[in-house]
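Trainee: In case you want the letters, here they are:
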Amino acid sequence: MSDAAVRRSDGGWRAGQGALLAGRYGRSFAGFAILIGVWWLAAWASSGPAGMVPYPGAVLMRLVADGWSFYGPNIGATLYEAILGYAWGNGLALALAALVLVVPPLRRLVMQLAVISYCLPLIAIGPILTIVFSGQTPMVALAALSCFFTTLVGALNGLDAADAASIDLVRVYGARRGGQLRYVRLFAAMPSIFAALGLAAPAALLGAIIGEWLGSVQQGLGVAMVVSMQQMLAERTWGIAVVCGVLAGAGYAIVHLVAGWLMPWRGEGASLAVAEAVVGSRGRALAGTLAVTLVSLVVVVFAWWAFLRIFDVKPLVGKSPLDVFRYLFIVPAAPANRASMLADFAVTLGHAGLGFVAGLAAALLVSIGFVLSRLAEQTLMPLPLVLRSVPLVAMTPLIVLVFGRSTAAVAVISGIVVFFPSLVNIGLGLRSGSKLSADLIRAYGGSRLAFLRKVAVPNALPALFVAARISVPGALIGALLAEWLATGNGIGYRMQYDVTAFKAADLWASVALVTLVSLALYFAVGLIEAVVLTRAGFRGGRR
Amino acid sequence: MTHFGGFINRRSFLKRSGQAAGLLAAAPLLRGRAAAAETTPLSVRLSWVSNAEFAGEYFADQRGYYKEAGFDPVTIIPGGPSAPPTEIDLVQGKCYYGMSLPDLTAAAISEGAEIKTIAAQFQKNPFCIVSLAKNPILEPKDMIGKKIGVQAVNETTWAVFLKLNGLDPASINKVPVQFDPTPLAAGEVDGWMSFVTNEPIALGLKGIETKHFLFADHNFGLVAETVVVRQETIDKERDKLKALLKAEIKGWKDSLKEPETAAKFAVEIYGKSLGLNLEEQILEVKAQNELIVTEETKKNGILTLSPEAIERNMKVLAVSGIDIKPEQLFDMSLIDEVYAEDPSLKA
Numbered sequence: 001m002s003d004a005a006v007r008r009s010d011g012g013w014r015a016g017q018g019a020l021l022a023g024r025y026g027r028s029f030a031g032f033a034i035l036i037g038v039w040w041l042a043a044w045a046s047s048g049p050a051g052m053v054p055y056p057g058a059v060l061m062r063l064v065a066d067g068w069s070f071y072g073p074n075i076g077a078t079l080y081e082a083i084l085g086y087a088w089g090n091g092l093a094l095a096l097a098a099l100v101l102v103v104p105p106l107r108r109l110v111m112q113l114a115v116i117s118y119c120l121p122l123i124a125i126g127p128i129l130t131i132v133f134s135g136q137t138p139m140v141a142l143a144a145l146s147c148f149f150t151t152l153v154g155a156l157n158g159l160d161a162a163d164a165a166s167i168d169l170v171r172v173y174g175a176r177r178g179g180q181l182r183y184v185r186l187f188a189a190m191p192s193i194f195a196a197l198g199l200a201a202p203a204a205l206l207g208a209i210i211g212e213w214l215g216s217v218q219q220g221l222g223v224a225m226v227v228s229m230q231q232m233l234a235e236r237t238w239g240i241a242v243v244c245g246v247l248a249g250a251g252y253a254i255v256h257l258v259a260g261w262l263m264p265w266r267g268e269g270a271s272l273a274v275a276e277a278v279v280g281s282r283g284r285a286l287a288g289t290l291a292v293t294l295v296s297l298v299v300v301v302f303a304w305w306a307f308l309r310i311f312d313v314k315p316l317v318g319k320s321p322l323d324v325f326r327y328l329f330i331v332p333a334a335p336a337n338r339a340s341m342l343a344d345f346a347v348t349l350g351h352a353g354l355g356f357v358a359g360l361a362a363a364l365l366v367s368i369g370f371v372l373s374r375l376a377e378q379t380l381m382p383l384p385l386v387l388r389s390v391p392l393v394a395m396t397p398l399i400v401l402v403f404g405r406s407t408a409a410v411a412v413i414s415g416i417v418v419f420f421p422s423l424v425n426i427g428l429g430l431r432s433g434s435k436l437s438a439d440l441i442r443a444y445g446g447s448r449l450a451f452l453r454k455v456a457v458p459n460a461l462p463a464l465f466v467a468a469r470i471s472v473p474g475a476l477i478g479a480l481l482a483e484w485l486a487t488g489n490g491i492g493y494r495m496q497y498d499v500t501a502f503k504a505a506d507l508w509a510s511v512a513l514v515t516l517v518s519l520a521l522y523f524a525v526g527l528i529e530a531v532v533l534t535r536a537g538f539r540g541g542r543r
Numbered sequence: 001m002t003h004f005g006g007f008i009n010r011r012s013f014l015k016r017s018g019q020a021a022g023l024l025a026a027a028p029l030l031r032g033r034a035a036a037a038e039t040t041p042l043s044v045r046l047s048w049v050s051n052a053e054f055a056g057e058y059f060a061d062q063r064g065y066y067k068e069a070g071f072d073p074v075t076i077i078p079g080g081p082s083a084p085p086t087e088i089d090l091v092q093g094k095c096y097y098g099m100s101l102p103d104l105t106a107a108a109i110s111e112g113a114e115i116k117t118i119a120a121q122f123q124k125n126p127f128c129i130v131s132l133a134k135n136p137i138l139e140p141k142d143m144i145g146k147k148i149g150v151q152a153v154n155e156t157t158w159a160v161f162l163k164l165n166g167l168d169p170a171s172i173n174k175v176p177v178q179f180d181p182t183p184l185a186a187g188e189v190d191g192w193m194s195f196v197t198n199e200p201i202a203l204g205l206k207g208i209e210t211k212h213f214l215f216a217d218h219n220f221g222l223v224a225e226t227v228v229v230r231q232e233t234i235d236k237e238r239d240k241l242k243a244l245l246k247a248e249i250k251g252w253k254d255s256l257k258e259p260e261t262a263a264k265f266a267v268e269i270y271g272k273s274l275g276l277n278l279e280e281q282i283l284e285v286k287a288q289n290e291l292i293v294t295e296e297t298k299k300n301g302i303l304t305l306s307p308e309a310i311e312r313n314m315k316v317l318a319v320s321g322i323d324i325k326p327e328q329l330f331d332m333s334l335i336d337e338v339y340a341e342d343p344s345l346k347a
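Going down the list, the protein sequences come from chains A and B. If you read the first sequence in the UniProt record's numbering, its first letter stands for residue 1, the second for the next number, and so on. If you read the second sequence in the UniProt record's numbering, its first letter stands for residue 1, the second for the next number, and so on.
Just to be clear, a hint being listed does not mean it is correct.
Here are the computed lysine-lysine pairs in the DSSO-like style, where the Cα-Cα straight-line distance is at most 30 Å [as the list claims (entries may be wrong)]:
1) B:K206 to B:K272
2) B:K315 to B:K325
3) B:K346 to B:K315
4) B:K325 to B:K236
5) A:K503 to B:K147
6) B:K240 to B:K253
7) B:K315 to B:K174
8) B:K134 to B:K286
9) B:K325 to B:K299
10) B:K246 to B:K325
11) B:K325 to A:K314
12) B:K299 to B:K250
13) B:K236 to A:K314
14) B:K298 to B:K325
15) A:K503 to B:K163
16) B:K315 to A:K503
17) B:K242 to B:K298
18) B:K174 to A:K503
19) B:K242 to A:K314
20) B:K147 to B:K299
21) B:K67 to B:K286
22) B:K67 to B:K346
23) B:K67 to B:K250
24) B:K325 to A:K503
25) B:K286 to B:K242
26) B:K236 to B:K211
27) B:K240 to A:K314
28) B:K242 to B:K346
29) B:K257 to B:K242
30) A:K503 to B:K236
Quick list of the computed label-pair ranges, beta carbon to beta carbon [to be verified]:
31) B:S333 to A:L322: 19 to 27 Å
32) A:V103 to B:K240: 15 to 23 Å
33) B:Q231 to A:A58: 50 to 58 Å
Everything labelled a hint here was simulated from the structure, so no lab data went into it. No residue lacks a Cβ here, since even glycine has one placed at the ideal position from N, Cα and C.
Throw the hints in and build the complete structure from the sequences for me.
Mentor: Structure (structure tokens):
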């Protein structure tokens, strides 16, 4: 039902956005001015011999000094990976969506597989991809994985979005399934698909950069950043981060422009919110999904096995599902293996829980602030998109310096991963109260606060759950990242260690465990969501 | 050609026939050349990003030593902060040979990898603990109660080093870090594990005064930048490997003589997109040259390992709990043969 809620709100949101469009770019600009201001203050506060945060001016000068001869090849390499991954990830997603449209019974299975791919922590499979593939392939694969899920869900929901009347009309005129697809559904799906494609651009870039960090390539922005960090060239490191952000923003803008050109009827500004919301908008197809889940797990296990075979991964390096099972349950050391892995995993779960709560709470507070002050929203909302694409790895030294290497840093790092998608979703939910109710409150002289209390928050419940559900894998990824870069414990660090110590079975077992738990938690939140929302009087079940 | 005979005197006849004989003698060689024209592609896996740490390989490539050895074209696969270890790429068949560390190789062998170390570039282990001059850590026991930054990929080495020096890991506050030494400069940690050839130089160029102690001076007898290959390659392509080792030796000899050129190769060719600093790279080459040449290599040739050196390595590995015999990890017969066949390489 949040499908419906999302779609309903989409219209309202779009109308509101349209009216404010004129001032929008100006305010976004103000937002960036504020960002630069904060940056400058941070530089000022941290200035010392170490120079943790360089001044924006110094970064710009260094950027110009490094120039195209430094950035050209690196940008080229990273863009190549990102664009290729973008093409693969989105191409596959769209092809699958089309397949589902032609063979509707496949929908659930495809969805489940997509969810599994979404729950697969990038940080965890990065090492596996770099082990198996050479050159830039691991980076392309990571970029593809980064955008696959969003686009698939965006496309599926978009294709469903055609209203029944139009479909009936086409049917009356004698169109069969294929005809429906072409004439109605495709048109209905385009805004949603393009919204997802827009978000996929920064996601693919980030995937490529993470790949460069994990793997071994000759050039690329990620590699350049590693070297620059070792040389302690803070200005250059930050310059590279800025370039990453600009590239991500440009990718998003290009898709946006193409979409506007292809679909002049489409409202501006809605895309970010829609696709993020769309990411979570199904998933409470829980009743009777157990069978589908089992089938999809079988498919995954087979795919895993086939992957090892097809790419000729040597047994010493690539472990099959059976090897992992043996490692955890059959070999003499199995109990010890299990115990030590679970102990590490408990730490990770704690970290993920922390990030989950911190990220969601922050997103809730900020989006309430946005509802109360439209100006604040207009000014600050574009920032998350760009900040998201600045590799967290670049910011970690700073986060660690400010928050230490303990719990607080984990909450921040994992929280950041959770924060951005949640912010968009919750913001959308808070706005989903009907325009009539809002007008009613205004007519009686009610304040924005009253609107918030009486309409916005109760109506945001579905969106809050969507945010919570899609945040589960995010929180785990954040926790792994924090463990890898800051705390040095938990399963995130264990996997790093496994790679160096040649402990392949342990590595594959860890990846499987993280993915399974991520999946289980994702469905657990979905279950709670279904129960609570039905109780709360939102329409239950699927459309 | 009536005057033909008149032009040939005895001297020129002898000379010409000598040339002809030379040509005849060279014929098999030329055929060999033609066969060698079907060269083997070579992929070299580095243990870090392509900076001057791999100067010897760069010289071997730039000056055609690899080509002379029958390898062409040459692909250089860099490592990175979280790149899988060389051993994995070897097992997976992604490289022909690569650089690693004996402890990593031993761990891989004990997990079943069929690989071996056939030469060692750095005779002295380059790992050190760097500290700020104003808060110096001069020997292992100074680390007790201090915060030391250790990278995930160096975790194994760190644990072994503590054991070798009888230090309780719990007595030292180990902090997980990456390769950006800012936490040390900022005072977040007191000590920093690194190659003596990297971070101390970077910090120095930043005007930050540092002190360091080498692991090598405190019971840590492991060599570094070891040349690792598959056992299969040793068995089937012994001559090719020997030719390769010869190229390696020549490359590293050049690097010892020409640190500036070595640094230039890194900055301008192999690490072109990395934005390396020439001054820093020259210092790095000079620092690593001191790790390459020892009393033993002066006698036996660079890249070799004496039985005593192997013994020192085994001692460290035993402490690290890896149960391995020297002959499972090292095979120095190839490089010894190379020097025996061409003693001029020692000079």
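Trainee: Hints first: check each against the structure and report whether it holds.
Mentor: Hint check results:
For the hint pairing K206 (chain B) with K272 (chain B), the CA-to-CA distance comes to about 22 Å; that is within 30 Å, so the pair holds. For the hint pairing K315 (chain B) with K325 (chain B), the CA-to-CA distance comes to about 11 Å; that is within 30 Å, so the pair holds. This hinted pair checks out: K346 (chain B) and K315 (chain B) have alpha carbons roughly 28 Å apart, not beyond 30 Å. Simply put, K325 (chain B) and K236 (chain B) have alpha-carbon atoms about 23 Å apart, close enough for the 30 Å limit, and the pair holds.
Between the alpha carbons of K503 (chain A) and K147 (chain B) the distance comes to roughly 28 Å, so the proposed pair stays at or under 30 Å and holds. Under the criterion of a C-alpha separation no larger than 30 Å, the hint pairing K240 (chain B) with K253 (chain B) is consistent with the structure, at around 20 Å. Between the alpha carbons of K315 (chain B) and K174 (chain B) the distance comes to roughly 24 Å, so the proposed pair stays at or under 30 Å and holds. Under the criterion of a C-alpha separation no larger than 30 Å, the hint pairing K134 (chain B) with K286 (chain B) is consistent with the structure, at around 26 Å.
With a CA separation close to 26 Å, the supplied pair K325 (chain B) and K299 (chain B) stays within the 30 Å bound. Taken as a hint, the K246 (chain B) and K325 (chain B) pair is honoured in the structure, with Cα atoms around 27 Å apart against an allowance of 30 Å. For the given pair, K325 (chain B) sits about 25 Å from K314 (chain A) by alpha-carbon distance, which is consistent with the 30 Å threshold. This hinted pair checks out: K299 (chain B) and K250 (chain B) have alpha carbons roughly 17 Å apart, not beyond 30 Å.
Between K236 (chain B) and K314 (chain A) the alpha-carbon distance is near 20 Å, which keeps this suggested pair within the 30 Å criterion. Among the hinted pairs, K298 (chain B) with K325 (chain B) is consistent with the structure: their alpha-carbon atoms are about 27 Å apart, no more than 30 Å. A distance of roughly 22 Å separates the Cα atoms of K503 (chain A) and K163 (chain B); the hinted pair therefore holds under the 30 Å criterion. A threshold of 30 Å between alpha carbons decides the hint, and for K315 (chain B) with K503 (chain A) the separation of about 23 Å falls inside it, so the pair holds.
Only pairs whose Cα atoms come within 30 Å are accepted, and K242 (chain B) paired with K298 (chain B) is accepted, the gap being roughly 20 Å. At roughly 22 Å between alpha-carbon atoms, K174 (chain B) and K503 (chain A) fall within 30 Å of each other, so this suggested pair holds. Simply put, K242 (chain B) and K314 (chain A) have alpha-carbon atoms about 27 Å apart, close enough for the 30 Å limit, and the pair holds. About 41 Å separates the Cα atoms of K147 (chain B) and K299 (chain B), which puts this hinted pair outside 30 Å; it is violated.
Between K67 (chain B) and K286 (chain B) the alpha-carbon distance is near 27 Å, which keeps this suggested pair within the 30 Å criterion. This hinted pair checks out: K67 (chain B) and K346 (chain B) have alpha carbons roughly 21 Å apart, not beyond 30 Å. Under the criterion of a C-alpha separation no larger than 30 Å, the hint pairing K67 (chain B) with K250 (chain B) is consistent with the structure, at around 12 Å. Distance check on the hinted pair: K325 (chain B) and K503 (chain A) sit about 20 Å apart at the alpha-carbon level, within 30 Å; holds.
Between the alpha carbons of K286 (chain B) and K242 (chain B) the distance comes to roughly 27 Å, so the proposed pair stays at or under 30 Å and holds. Taken as a hint, the K236 (chain B) and K211 (chain B) pair is broken in the structure, with Cα atoms around 47 Å apart against an allowance of 30 Å. For the given pair, K240 (chain B) sits about 24 Å from K314 (chain A) by alpha-carbon distance, which is consistent with the 30 Å threshold. For the given pair, K242 (chain B) sits about 15 Å from K346 (chain B) by alpha-carbon distance, which is consistent with the 30 Å threshold.
Proposed proximity of K257 (chain B) and K242 (chain B) is supported: the alpha carbons are some 23 Å apart, at most 30 Å. Straight-line distance between C-alpha atoms of K503 (chain A) and K236 (chain B) comes to about 28 Å, which keeps the hinted pair within the 30 Å bound. Range check, S333 (chain B) to L322 (chain A): Cβ separation about 39 Å, and the 19 to 27 Å hint is violated. In this structure the hint that V103 (chain A) and K240 (chain B) lie 15 to 23 Å apart at CB is violated, the actual value being about 54 Å.
Against the hinted window of 50 to 58 Å, the Cβ-Cβ separation of Q231 (chain B) and A58 (chain A) comes to about 53 Å, which satisfies the hint.
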